[in-house]
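A.B. asks: As given, the protein sequences belong to chains A and B, one line each in that order.
Start counting the first sequence at 202; every next residue gets the next number (the numbering used here).
Start counting the second sequence at 5; every next residue gets the next number (the numbering used here).
In short, the hints are calculated from the structure, not lab data.
The model shown is predicted, which means the values in this text are computed figures rather than measured ones.
Warning: the hint list may mix true and false statements.
[Unchecked claim] Listed next, the in silico DMTMM-like pairs over lysine to aspartate or glutamate satisfying Cα-Cα at most 20 Å (straight line):
no.: 1; chain 1: A; residue 1: Lys-424; chain 2: B; residue 2: Asp-138
no.: 2; chain 1: A; residue 1: Lys-413; chain 2: B; residue 2: Glu-264
no.: 3; chain 1: B; residue 1: Lys-268; chain 2: A; residue 2: Asp-518
no.: 4; chain 1: A; residue 1: Lys-370; chain 2: B; residue 2: Asp-138
no.: 5; chain 1: A; residue 1: Lys-370; chain 2: B; residue 2: Glu-168
no.: 6; chain 1: A; residue 1: Lys-370; chain 2: B; residue 2: Glu-154
no.: 7; chain 1: B; residue 1: Lys-268; chain 2: A; residue 2: Glu-545
no.: 8; chain 1: B; residue 1: Lys-268; chain 2: A; residue 2: Asp-527
no.: 9; chain 1: A; residue 1: Lys-413; chain 2: B; residue 2: Glu-154
no.: 10; chain 1: A; residue 1: Lys-424; chain 2: B; residue 2: Glu-168
no.: 11; chain 1: A; residue 1: Lys-382; chain 2: B; residue 2: Asp-67
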Amino acid sequence: MSRFHRRAFLASLGLTAGGALLPGIATKLVSRAYGQQISQKCVVFWFIGGSIQIQQGQTGWGLCPPEFAAGEVGTGGENALGGSTAFTWPKKLEPLAGLRNKVAIVDGLNNITPGASAHGSGFQATTCAPGNNSPGGPSIDQAIAQQIGTQSALSSILVGHNKDTLQLKLERTADSFAAAKGSPVPHTTSVPLLMRELFGTGLSGGKPPSPKPIMDSLRLDIKRLESRLAPEERGALNDYLRLVEQFETQQAAREKIVCATPAEPAASGPEEMATAMTQAITLAFQCGISPVAAIAIGTGTGHEDMPEYSATTGDPDFDGHSFVYDYSRQAGLIQRFHMGLIAEMHKALGDSLLTVYTCDSGMAPRDNEAGSVFTHHAMNSRVPAIVVGDLGGALKTGGRYLRYGVKVAADHNNGAPNFHSIADLFLSVAHAMDAPLTTFGGPQQVVPTAGPLAELMG
Amino acid sequence: MRVPDANIGCVDGADPTISARLWRLTRVQLENSLRSAYHALVPRVDEPLKGLVVPFGTSNSADRFSTRSRSYGLDEPSFRDLMNATGATSRSLVSDLGSEACVGAGDFSSCVAGLVAKAGQLFFRRPLAAAEVDQYAQIAVSLRPGGEGEAVAQTLQAMLVSPEVNFRLEAGPAGTSGPMDQFALASAISYGVSDSPPDRELTELAASGGLQSEAAIAQQVKRLLGSSGGAGNVDLVIELWPLSPTERFFREYLHYDYTERVDKAGDLGFHNPGFLKQDTRRLLKHMLAETAGGGLFPALFGTKTFWVTWETAGNFGLSPKSGELGNPEKMEMPDRAGLLTHPSWLSGFSQMDHNDPIRRGRYIRESMLCQALPELPIGTIPKLDIEKYPVLREALGAHRADPKCAACHQLMDPVGFAFEGYDHVGRSRAMEAGKPVDASWEIVGATEPGLMGVHQGPAELGERLAASPLVARCFVAHSFMYWMGREPQAGDGCTLEHATKAFQDSNGSYPELVASLLSSPSLSLRRNP
Chain A
202 MSRFHRRAFL
212 ASLGLTAGGA
222 LLPGIATKLV
232 SRAYGQQISQ
242 KCVVFWFIGG
252 SIQIQQGQTG
262 WGLCPPEFAA
272 GEVGTGGENA
282 LGGSTAFTWP
292 KKLEPLAGLR
302 NKVAIVDGLN
312 NITPGASAHG
322 SGFQATTCAP
332 GNNSPGGPSI
342 DQAIAQQIGT
352 QSALSSILVG
362 HNKDTLQLKL
372 ERTADSFAAA
382 KGSPVPHTTS
392 VPLLMRELFG
402 TGLSGGKPPS
412 PKPIMDSLRL
422 DIKRLESRLA
432 PEERGALNDY
442 LRLVEQFETQ
452 QAAREKIVCA
462 TPAEPAASGP
472 EEMATAMTQA
482 ITLAFQCGIS
492 PVAAIAIGTG
502 TGHEDMPEYS
512 ATTGDPDFDG
522 HSFVYDYSRQ
532 AGLIQRFHMG
542 LIAEMHKALG
552 DSLLTVYTCD
562 SGMAPRDNEA
572 GSVFTHHAMN
582 SRVPAIVVGD
592 LGGALKTGGR
602 YLRYGVKVAA
612 DHNNGAPNFH
622 SIADLFLSVA
632 HAMDAPLTTF
642 GGPQQVVPTA
652 GPLAELMG
Chain B
5 MRVPDANIGC
15 VDGADPTISA
25 RLWRLTRVQL
35 ENSLRSAYHA
45 LVPRVDEPLK
55 GLVVPFGTSN
65 SADRFSTRSR
75 SYGLDEPSFR
85 DLMNATGATS
95 RSLVSDLGSE
105 ACVGAGDFSS
115 CVAGLVAKAG
125 QLFFRRPLAA
135 AEVDQYAQIA
145 VSLRPGGEGE
155 AVAQTLQAML
165 VSPEVNFRLE
175 AGPAGTSGPM
185 DQFALASAIS
195 YGVSDSPPDR
205 ELTELAASGG
215 LQSEAAIAQQ
225 VKRLLGSSGG
235 AGNVDLVIEL
245 WPLSPTERFF
255 REYLHYDYTE
265 RVDKAGDLGF
275 HNPGFLKQDT
285 RRLLKHMLAE
295 TAGGGLFPAL
305 FGTKTFWVTW
315 ETAGNFGLSP
325 KSGELGNPEK
335 MEMPDRAGLL
345 THPSWLSGFS
355 QMDHNDPIRR
365 GRYIRESMLC
375 QALPELPIGT
385 IPKLDIEKYP
395 VLREALGAHR
405 ADPKCAACHQ
415 LMDPVGFAFE
425 GYDHVGRSRA
435 MEAGKPVDAS
445 WEIVGATEPG
455 LMGVHQGPAE
465 LGERLAASPL
475 VARCFVAHSF
485 MYWMGREPQA
495 GDGCTLEHAT
505 KAFQDSNGSY
515 PELVASLLSS
525 PSLSLRRNP
């Protein structure tokens with residue numbers, strides 16, 4: 202992996218510390234950065250609402266290659282588990298064709314979440330634990346960030362948008378990611394706010410005033426208040442204390458970063474927002490601001506949270522509901538658009554970047570349009586995921602189609618051969634990112650984990 | 005959805021005391037607090053802190069009410085915003101305070117101690133103890149060599165980021181179980197009713213121990229609610245003007261803003277959810293002001309007076325010509341009855357292209373009758389045979405023929421049919437798929453005589469809901485949840501009963517209900533470690 206020197210990179214662009222950029226230049230900035238690689242491993246999780254169509258159906262927008270469709274529900278994992286590379290490249294992955302040998306299509310992972318709420322699709326997908334109103338555990342991005350992001354200027358970058366955040370012009374929403382059970386972490390849904398968070402202050406190489414006296418005083422205040430509250434009421438104070446420590450570490454990390462402040466890109470529709478957000482993440486990775494990002498698009502607590510993406514689908518009424526006829530073609534177009542963004546990020550970051558693209562725990566339609574077979578909410582026994590990148594050999598993606606799962610029985614086949622949950626994929630990613638988590642899925646371990654996926658680990 | 009228990013009885017000896025707690029301010033409350041303190045310190049600055057980015061803008065949309073205290077902690081992005089906002093505020097304050105910021109003062113440490121005490125009273129909504137004044141003043145003294153202005157700014161910031169400033173502490177003396185501190189009570193009332201820190205009258209009352217009796221507290225609550233019954237200025241309905249806490253309760257209770265969440269199929273040419281929301285807000289403001297002395301339920305469930313604008317006329321089935329309609333126009337709508345027949349509610353509780361009697365019925369069950377219903381079972385594939393049964397009522401009837409579906413749907417669909425006389429954007433209609441609309445409804449399993457039987461249309465539903473003791477109790481229980489920031493528990497039975505009585509004895513005055521709740525032991529009593 203070639204090494205990338207942030208200061209040298211910026212100097213090469215003529216963007217010395219504090220250099221002002223003209224409006225709209227962020228896009229150019231990132232595009233000029235493509236080809237530059239960094240030494241730090243970075244991961245981006247994408248969680249997509251409304252589901253990812255698995256089978257080809259009538260429109261041919263499915264993820265499962267047609268060569269393997271016949272064995273849709275295998276009985277012993279006989280279906281290409283070894284990882285075939287000879288298959289028709291799915292239409293929705295077209296932009297990744299140039300990176301094909303760095304991609305793995307992972308099919309058949311289980312996300313059956315006993316006790317889950319039927320519509321808790323945001324938190325449940327990211328945490329592998331029940332939780333609709335409130336998360337049941339940390340989300341995978343935060344679990345990894347807590348291990349490898351604590352010394353960074355930001356432990357993670359969380360962004361996204363859904364129908365509500367666009368319509369109501371929300372700057373943040375808190376329906377997908379979590380630091381711990383009961384502790385949601387909001388993600389940024391506004392491009393201007395994201396730009397401020399990433400590049401707004403403290404990146405000019407100058408030294409901001411030391412917050413130490415403020416933090417010391419704050420510790421005294423917290424201690425004083427603790428004595429006035431019963432232990433079960435101290436959650437907010439514990440958060441405060443943790444964040445004080447984290448803030449100090451982040452400030453110290455931020456002071457070491459020398460990175461230009463890009464101007465804010467214009468972004469109004471979902472396509473432009475997604476583009477601006479992924480470009481901002483790319484630049485933030487290049488600047489060393491954080492090693493972890495997560496993107497939630499169309500996630501939430503219902504079926505119809507996916508924004509229209511009308512410029513992509515041509516349908517201003519696309520409601521993101523997989524019952525709707527023509528859903529898989531339209532969703533496929535949106536997902537292909539996302540793949541284009543992912544391809545650009547990988548071009549920019551090379552072997553340093555790992556991407557996991559999967560759906561929230563909404564429905565996963567199979568079969569035909571307005572499908573005849575649905576797996577509903579947290580009953581998904583066949584969650585699809587696309588993994589892009591191999592982190593220089595930490596993962597064996599290799600252009601393979603990996604099919605897990607066996608015919609679902611009443612006991613959900615826990616422990617059966619080839620039974621693996623989405624949590625196992627998350628563990629694989631964590632290990633590849635040097636965050637060796639041993640379990641994942643909330644305190645009760647409701648989604649079983651059997652460890653990283655051996656077929657995927659390098 | 006969290007549904008409160010409307011049937012908790014008042015039992016002798018039941019204890020409503022809860023643990024001392026922290027309750028995070030909302031963005032509006034924090035913004036008001038910063039501006040109010042700023043203005044008190046620098047009166048010549050009329051509109052301080054313009055453009056300040058204040059944290060705490062997110063709420064958990066899955067909660068029944070946005071005020072649920074346990075839902076709010078602190079997260080990484082909010083803490084960053086808090087640091088930025090308090091840093092900007094304190095530096096701006098030092099600049100605007102001029103010589104009062106102690107820069108160049110002869111006795112710097114005494115000056116700073118005085119400033120800390122004065123600002124602390126405003127920031128913390130209580131006088132600071134001497135040790136606290138000393139703690140903060142020491143920051144300025146220690147940082148003075150680096151510049152007095154920055155030293156004072158960091159001192160003020162240290163105070164502003166304190167959890168007691170950004171959260172409200174509801175606690176009493178250590179080791180006791182009894183009324184919370186008077187200043188804490190003043191804040192609880194003031195932020196609860198007005199989203200703002202206590203004003204001078206409330207602060208002085210707290211300082212003199214004048215918030216001991218329920219009557220004194222209730223009087224303050226009613227004063228803060230004002231003559232408009234908590235609706236604020238009835239003519240201010242623009243989006244940028246924040247809703248008052250009372251307005252917010254009704255929006256969250258009725259969910260009329262759901263109209264913005266349901267896209268409608270096709271190009272209707274008239275459906276403007278933002279304007280519908282605004283019309284509803286205007287209607288509610290006037291209704292709250294007019295019923296401050298009583299009569300809320302008949303108005304809420306039966307009003308035939310609606311506010312219409314050019315942008316919303318189509319949803320009311322009107323096609324005015326230019327100049328025929330004021331903006332807004334107050335109109336009598338004989339075909340409607342109450343807020344649940346407002347196009348905002350009807351379109352929000354609909355699908356893209358058809359009505360949704362299931363969700364409408366579920367809403368009545370959960371929000372009006374306090375009966376929780378299970379979510380759609382995992383693995384269920386709901387399918388209606390619309391081709392065979394183009395009339396939705398008939399399709400749902402066929403759906404309920406399956407006993408597995410009927411168990412829940414019989415509780416929702418039959419009462420949701422009351423609104424079949426309107427379409428999915430709120431227009432009145434007489435026909436559906438070529439057949440006359442059937443808007444008969446039934447609350448299956450109702451045990452209250454007034455709610456039993458089969459009836460016709462929304463007007464009759466409204467009349468019966470308005471007259472129902474169960475609906476009143478359920479409304480009070482929801483109000484409890486909203487104003488107390490928690491679900492009622494067994495010990496709160498007397499509070500619920502007294503509040504229901506206050507509401508009924510006043511012939512349905514919402515300020516009386518709120519005053520009863522906020523002056524109750526359920527708010528004031530705290531167990532302190």
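A.B. asks: List in ascending order the numbers of the hints, as given earlier, that are violated by the structure.
C.D. replies: 2, 4, 5, 6 and 7
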